[in-house]
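K.L.:
First to last, the protein sequences are chains A and B. Numbered according to the numbering used here, the first sequence spans residues 78 to 189. Numbered according to the numbering used here, the second sequence spans residues 132 to 564.
These are computed hints drawn from the structure, not numbers from a lab. There may be inaccurate statements among the hints.
To be verified - Only some residues are given here: those of chain A computed to face chain B with a beta carbon under 10 Å: (1) Phe113; (2) Lys117; (3) Glu121; (4) His122; (5) Tyr123.
Claimed, not checked - If you want the footprint, here are the derived chain B segments under chain A, 3+ residues with CB under 8 Å: (6) 417-426; (7) 460-468.
Virtual Cβ for every residue (Gly too), placed ideally from N, Cα, C.
Residue strings, one per chain:
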Amino acid sequence: MKKIEAIIKPFKLDEVREALSEAGVSGLTVTESKGFGRQKGHTEHYRGAEYQVDFLPKIRVEVVVRDDQADAIVAKIAEAANTQKIGDGKIFVMDVADAVRIRTGERGEAAL
Amino acid sequence: MRNGISLAGAGRLVAATAALVTAGSASADELSAGDTAWMMTSTALVLLMTLPGLALFYGGLVRSKNVLSILMQCLISAGLVGVLWVVVGYSLSFGDGNAFVGGLDKLLLGHATPESLSGTIPEYVFVMFQGMFAIITPALMIGAFAERMRFAPYFAFIAIWVLVVYCPLAHMVWGGGMIGGDGWGALDFAGGLVVHMSSGFSAIAAALFLGPRKGHLKQPMPPHSLPLVVIGASLLWVGWFGFNAGSQLAADGTAGLAFLTTSTATSTAVLTWVIVEWLHQGKPTVLGAATAAVAGLVSITPACAFVTPGGSILVGLGGAVICYVFVMIVKPAAGYDDSLDVFGVHGIGGAWGALATGLFIAPFALPEGTSHGAQILIQLKSIGFTAVFAPVATLVILFALRAVFGSLRPTGENESVGLDQSEHNESAYIEAA
Chain A
78 MKKIEAIIKP FKLDEVREAL SEAGVSGLTV TESKGFGRQK GHTEHYRGAE YQVDFLPKIR
138 VEVVVRDDQA DAIVAKIAEA ANTQKIGDGK IFVMDVADAV RIRTGERGEA AL
Chain B
132 MRNGISLAGA GRLVAATAAL VTAGSASADE LSAGDTAWMM TSTALVLLMT LPGLALFYGG
192 LVRSKNVLSI LMQCLISAGL VGVLWVVVGY SLSFGDGNAF VGGLDKLLLG HATPESLSGT
252 IPEYVFVMFQ GMFAIITPAL MIGAFAERMR FAPYFAFIAI WVLVVYCPLA HMVWGGGMIG
312 GDGWGALDFA GGLVVHMSSG FSAIAAALFL GPRKGHLKQP MPPHSLPLVV IGASLLWVGW
372 FGFNAGSQLA ADGTAGLAFL TTSTATSTAV LTWVIVEWLH QGKPTVLGAA TAAVAGLVSI
432 TPACAFVTPG GSILVGLGGA VICYVFVMIV KPAAGYDDSL DVFGVHGIGG AWGALATGLF
492 IAPFALPEGT SHGAQILIQL KSIGFTAVFA PVATLVILFA LRAVFGSLRP TGENESVGLD
552 QSEHNESAYI EAA
């Protein structure tokens with residue numbers, strides 16, 4: 078199993094969710110988050126005081142899938158979240174040792 | 132009429148006892164229903180300035196962890212000073228006393244009955260109108276030491292400050308003391324000296340005494356809600372019609388003049404600040420426009436019934452430029468933490484307004500036997516006195532309070548957590564479950 082973690086622009090969430098549904102993903106977790114990469118932040122002015130706002134709002138999408146689905150799903154997310162501009166985000170893929178469906182006790186891929 | 136115009140607030144009281152008849156309105160010892168209705172309305176408008184006007188204006192400017200502490204400090208000013216005023220404050224301001232402070236002859240308003248008149252309105256209404264001024268003045272100072280004063284010392288501070296600084300100044304300027312019409316002859320129609328300079332110059336003393344907020348100039352402390360700031364500033368503008376035009380204590384032509392100049396000067400200040408900021412900073416900001424409105428309102432306060440409509444434009448223009456320089460340039464350069472610019476807006480704007488009252492005084496408002504130049508010197512003298520008296524008295528109070536309370540500030544940890552939780556066990560914004 079692989080966990081795919083995508084940091085995307087907030088307004089791209091709907092498109093990413095639809096793309097994942099089409100790819101057969103049956104569930105996912107979304108978290109509002111903040112961060113910065115090459116996009117950096119912006120400055121704001123309040124009565125002459127200049128503040129550098131480093132952390133920009135982002136959305137973190139987490140989904141766990143079978144090994145054989147992972148490449149296709151990463152490609153789907155990358156396509157749906159792309160605006161061709163800096164700040165589009167990143168996708169990370171990592172191995173998952175096990176999974177448990179709490180209600181039934183099923184384990185491994187059966188729990189996904 | 133000239134007498135009625137040249138003396139603000141209680142000056143009209145004096146005119147009344149001299150049995151002067153105001154042109155076009157009821158004779159001075161007769162109740163006027165029109166004046167009374169307007170003064171009751173004005174009184175409510177002045178309360179609106181503190182609650183919720185100033186509370187939201189300051190509350191929006193602080194970080195979200197301290198917004199409740201600001202609302203509470205404003206609320207308790209209405210609670211504490213509202214009682215103190217009736218018990219002793221009114222007597223110390225408008226009682227028979229000496230050149231500095233009123234006497235104790237009007238404690239608990241024991242002297243008054245429903246028949247007692249102050250000019251053409253019930254004295255009870257005059258007491259409440261003036262009481263609303265006493266409530267907002269200490270609350271104006273909150274902005275200078277926002278986010279870093281514990282509630283208990285704040286409570287004691289404003290109680291003592293109102294009795295030691297506000298009441299004597301109100302007496303000196305409006306209650307027959309040494310600065311106003313019965314003394315030097317300084318003109319302060321609605322409180323440039325008594326309200327804005329006194330709070331602004333006391334505020335800078337308190338800000339320096341308490342020291343800067345933890346992280347000042349090192350970490351960003353942007354306002355947590357500009358919409359609240361704009362709502363607050365807008366309510367201040369609305370309430371200020373009562374503050375200024377109500378200070379005539381009658382619904383007459385002079386009140387009409389004050390009504391007009393109040394808004395005209397404020398509009399001018401907003402326009403001026405926005406253009407200056409646009410040129411100087413590249414973008415016109417909402418916070419700048421809201422600050423400008425308050426700067427304009429403060430500037431016109433002492434002058435509102437003494438200048439022509441054209442003069443009020445000059446008062447608002449000058450106030451915007453001078454306050455802009457203090458807020459945007461002088462404060463950042465000097466590095467002091469007058470957190471919400473009480474000194475830069477109320478202290479400096481009030482001083483400018485008091486000076487502008489002399490500079491731009493209309494011929495009809497110049498007291499008989501006084502030259503234009505002489506009036507300007509009188510205004511400067513009154514500004515100088517207030518600029519020294521208020522902060523010195525404030526520092527004496529704060530040193531005394533520190534001897535009693537220990538530090539007036541929260542612990543470092545509590546300051547980081549925020550005063551809402553550490554002082555009040557509450558949070559303003561609770562996440563949905």
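K.L.:
The structure should be examined with respect to each hint, and the outcome stated for every one.
P.N.:
Now the hints, each set against the structure:
1. Phe113: At 15 Å from the nearest chain B Cβ, phenylalanine 113/A fails the 10 Å test, so the hint is violated.
2. Lys117: 15 Å, violated
3. Glu121: Since the shortest Cβ distance to chain B is 6 Å, the answer is holds.
4. His122: With a closest approach of 6 Å, the histidine 122/A hint holds.
5. Tyr123: 5 Å, holds
6. 417-426: holds (count 3)
7. 460-468: holds (count 3)
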